[in-house]
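Peer 1: The chain contents come next:
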Amino acid sequence: MPATSPPRPMPPIAIRAFSATTALGHGVEAQAGALAARRGGLRRNDFGPSPLPTWIGRVDGIEDAPLPEALAAWECRNNRLAWLALQQDGLREALEAAVSRHGADRVALVVGTSTSSIGASEEGYARATVDAQGQPCFPPDLQRPMVHTLHSLGDFLQHATGVRGPCMTVATACSSSAKVFAQAARLIHAGVVDAALVGGVDTLCGSVLFGFNALGLVSAEPCRPFDASRDGLSLGEAGGFAVLERAAPDEDGLQLRGYGESSDAHHMSAPHPEGLGATLAMRDALARAGIDPGAVGYLNLHGTSTPANDAIEARAVAALFPDSLHASSTKGWTGHTLGAAGIVESVFALIALRDGLLPGTLNSATPDPACGPQIRFDHVQRPTAWAMNNSFGFGGNNCSLVFGKGGAA
Amino acid sequence: MTPLAATIAGIGYWSEGLPGWAAARAFANTGTLPADAPARPAPQLLPANERRRAPPSVLVALEVAQAACRDAGLAPDSLPSVFISTHGDLGITDYMCTTLAQAPTEVSPTKFHNSVHNAAAGYWTIGTGCMRTTTAISAHRASFAQGLLEALAQLATDADAVLLVGYDTWATGLLSTMTHSEGLLGAALVLARTGPGPRITATLEEGEAGAGDGPLAMRGHANAMAPMLPLFDALACGRDRVALHAGAGRHLQLDIAHG
Chain A
1 MPATSPPRPM PPIAIRAFSA TTALGHGVEA QAGALAARRG GLRRNDFGPS PLPTWIGRVD
61 GIEDAPLPEA LAAWECRNNR LAWLALQQDG LREALEAAVS RHGADRVALV VGTSTSSIGA
121 SEEGYARATV DAQGQPCFPP DLQRPMVHTL HSLGDFLQHA TGVRGPCMTV ATACSSSAKV
181 FAQAARLIHA GVVDAALVGG VDTLCGSVLF GFNALGLVSA EPCRPFDASR DGLSLGEAGG
241 FAVLERAAPD EDGLQLRGYG ESSDAHHMSA PHPEGLGATL AMRDALARAG IDPGAVGYLN
301 LHGTSTPAND AIEARAVAAL FPDSLHASST KGWTGHTLGA AGIVESVFAL IALRDGLLPG
361 TLNSATPDPA CGPQIRFDHV QRPTAWAMNN SFGFGGNNCS LVFGKGGAA
Chain B
1001 MTPLAATIAG IGYWSEGLPG WAAARAFANT GTLPADAPAR PAPQLLPANE RRRAPPSVLV
1061 ALEVAQAACR DAGLAPDSLP SVFISTHGDL GITDYMCTTL AQAPTEVSPT KFHNSVHNAA
1121 AGYWTIGTGC MRTTTAISAH RASFAQGLLE ALAQLATDAD AVLLVGYDTW ATGLLSTMTH
1181 SEGLLGAALV LARTGPGPRI TATLEEGEAG AGDGPLAMRG HANAMAPMLP LFDALACGRD
1241 RVALHAGAGR HLQLDIAHG
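These protein sequences, in sequence, are chains A and B.
Counting with the numbering used here, you get residues 1 to 409 for the letters of the first sequence.
Counting with the numbering used here, you get residues 1001 to 1259 for the letters of the second sequence.
Please note: incorrect hints may appear among the correct ones.
[What the hints assert, rightly or not] Just some of the chain A residues that point at chain B, by a computed CB distance under 8 Å:
#  : residue
1  : Ser5
2  : Pro7
3  : Ser114
4  : Gly134
5  : Pro136
6  : His148
7  : Asp155
8  : Gln183
9  : Glu261
10 : Ser262
11 : Ser269
12 : Gly396
Hints were generated in silico from the structure; no laboratory data involved.
The beta carbon of each residue, even a glycine, is placed where N, CA and C say it ideally should be.
This is chain B alone, in the form it adopts within the complex (with noise of 0.2 Å):
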């Protein structure tokens, strides 16, 4: 294929014990954590009342991207935005077949319309005014990898940048006898055509791509959003080739130009 390329203009963060990517990149190169980070992520978009009620999938979604459009200089109303999950927010499928199971009329409209893919990227182009469009993806464990993609392809047909934000939250009740998530993890990028920042070129190719032995990548290893943590190992440690799980035994390989 045509490589495609980027400038990572901005990066967000977040997971239980690194809160923000300064953390992250400080744990990945020397081991500490922080003391005292929150137990949830607090996105200053939304004000404190929807925040207490909003599910921890668009806390977090949210939070990265607002800390990846900041890291970047960028104003998030003038960005397309591309956001990926592998499950959604497994909390909201638990509750949506346990209630229609047992009782279901009683489904509470206001949690059937965060069940959709796109409840994130609902709440964050509502949170910044962004008439933008704005996409939800899922691919399974080649999520990240086809999200990056889809945003690559932006910025190759007609945006100057673009907004990608990862994540995905807990399994919880009967549907975590079949689907393996923990804790919660988000992160975003704000990629952009040209600009300062690490370059990153991309090309798919054949062969299954490793589950990454960095620090972040050990750490987060549990939630299904972590084949996304060897990029961010990458980028912490200035490593310059990283490869993604792209599906249908091929990846998506990196190179990365820290500049």
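Extracted from the complex, chain A is given alone in its bound form (with noise of 0.2 Å):
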């Protein structure tokens, strides 16, 4: 491992609001009583054209949702998914409160995506037309050249919400918006701003359908992680954001505590075989926390089910954590949400620290060899004081985060 020393301990982050959308339904409750009674939801793929023998979590009702009239510029799938995951939870009224307290130009807005609304570009490809001087063109009800490039996330929420200050779309594939939590706590923490709104949108296309299937990735059933015979992903979209805010001293509530970062230099699309990478983005969190891996009662996993990440990310768990930890992966409930992964495993983290849910991990049976005792199928009910979320993405792209509840270092 690099000779880099661990970070100083970071100031708290209040999270004021957090929400996800996923395949289990609109918002918190949704999540919490899905994992809770272990119901899944994953169906048949029945998304697109011709769709591959696979399972996918599609969220329901965005067809039926489309963009209010002053925002239908940006109309498109991902960003119907923004919008409607926005309205969920007090996320909006939380927002509006930060904007107050702050003024809107010290508000940022950094949001995460893989595939942002790439959708509607291969929409447009799909129903080319030509125009009046016979050139191939996009169909007129597509030619909006915002929905068209990867920003078209982040410019849509910033029209929508008219929040001012720092404004990007992160885009390190699947740990994209993991890494929202650590840029927005900079910003923050370097008085750029003193509040944000984070969070991330992916939806289904074709581009992650057919390019995971292939890189021979995408299983046929349902995903099954960590079990031996797992045998590749579910493919998934969701969106959800949180309000973060520099915490007072000694306020109460929902923190984030830590943040880490890494590289694998190992290679594009398959994880470093010991899970260096891994390892240190969770100690860079756990220094910044403050706290040693005993301490930490949930670890949710980037447990994608491809036969590679289960086993090195059970490695690297082992490696660093007391046989107690309680560590699952929840991607059979939502299947892997990509860009937004790292939001919604994070509102699971914050789930299991507002109510004691520690979910187990769903489909899974036979434990695989590589996993040590961290790893659980089964559900515990336990008041845990810090919670952990791990994103990895291609390129090698990872990030752990710790929540943790104020005064409860």
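Now that you have both chains on their own, put them together as the hints suggest.
Peer 2: Set out below in structure tokens:
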């Protein structure tokens, strides 16, 4: 491991509101209810004109939820899901409160995605027509340049919320919406802003369904994270957000307490064989939180259900944490929501802190021999003071987050 | 906002006709273009076979990143990095959309994993053996200013030096009817907390930034990463104030002490 010293502890960041919208439903209570009942959200792939034989985590209701007229220029599946997710769990009220406390220019907007609204571009190619000069062109309803570029998501949310601080779309594949917490924390700690809307949105599209299929990473069955017989992932879509604000000294409530980011420096689409990058990210997140691994009560694993990821992540976890850790992958419920996985699974970690619901792993029965005693398939109900989330992406891009409660240190 | 500050410890630059920072600075000051400029970048970081296959976005990003580290005299594997691109690799996006429309099951797995926005960041960390954090950001016309903010925030929290890389490619195929970008352009800065070099101080302020009328901005205006060029004109010509487009009717005001 490189000889970088671990970072210093960081000041806590308060979480004023949080929410996720996934195949389990819209908002936190739908997530918590489905987790508790072990009711998964995967269905046989029914997305697009020629669906591959796989299972997907599709969000219900997007097709019936057009954007408001004033935001129609940003119309596309991804921005619809962003808008739907933003209406849940008091997010807008918490954001408006932050804006009224600090001013719109003191609130940042940092959101993650993998493919943003590329589904609209794919549709433009599939429905291509010709213009008056006989040249190929997009159909008139899709001749909106902003939805054909990555920042479609951030730009849409900036217009939808009126926030005027730094605004950026982070796209580091499947770690995107975990890294937004780190980047927003830095903007707050550096004094650029006082609060931030963070989150991520990714929707099902041809690029990811056929792309992951081309890499041989998609299972024909519902995914089985950490199961000895797992054979690939199930793709999903999701959106979620959190409102972050500089925490007052000694205040109560849920908080971001640490982040750790690293690179595998190994391969574009395969994890480091010894999980070095994952270990570095987890180590730095714990160091910023100022806690020992033994303090963590729940770890939401990246746990994609690909043979390589799960074995390597399990070994890295076993090397760093005591046997008492309860760690699980929730991708059997939602599918792998890619650029939204960071926010969705951070919300699951926050549910663990709030309710003491430490979820197990869905669809999995026989643990892979690589699994240490930390990898749990069954639920436990137990109050915990600290919860973590791992998100790892293509390019060897890793991010771990530590959440805690005010006064819990 | 609390002003953020950094020293520019190293600079890298590549565009068609100006294959390095020395050439770009000479052009900005004298209007001369080097003879025999290569048509595409050839970053030494990649083995020859990978250099042939790598998409242009990765080639230009790695070329300028390596040049900036060399200029700063810092080991690439010691630096966290921020990669900024408005659109990512537009040729790969066109390939993906075309293939999905015609024969979706024939998508190339390599093209797919090269389609992620952090492809250049990934190849950089793999090629240099760097295990520090890297990120990939887009903010449309404000991309460079927003990426610069993230780099400065890293310096203000716990990094001693950060590599910042901005690049964009040319639009092609049907996508070029929607997305306008021409040529290949990349530039990189190694930003450090302290040390010798021009010192920049940044604040977000009200009002739009202009497109820039310096020689590099005029020459590279058609590329999507052109909003970064006023800074490189200022660095080349010794100007001490520059505004970068930051979105939402605001700009990132940079004061530069050339020292």
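Peer 1: The structure should be examined with respect to each hint, and the outcome stated for every one.
Peer 2: We went through each hint and held it up to the structure:
no.: 1; hint: Ser5; in the structure: 10 Å, violated
no.: 2; hint: Pro7; in the structure: 5 Å, holds
no.: 3; hint: Ser114; in the structure: 7 Å, holds
no.: 4; hint: Gly134; in the structure: 13 Å, violated
no.: 5; hint: Pro136; in the structure: 6 Å, holds
no.: 6; hint: His148; in the structure: 5 Å, holds
no.: 7; hint: Asp155; in the structure: 6 Å, holds
no.: 8; hint: Gln183; in the structure: 6 Å, holds
no.: 9; hint: Glu261; in the structure: 4 Å, holds
no.: 10; hint: Ser262; in the structure: 6 Å, holds
no.: 11; hint: Ser269; in the structure: 4 Å, holds
no.: 12; hint: Gly396; in the structure: 6 Å, holds
When each numbered hint is compared with the structure, violations occur for hints 1 and 4.
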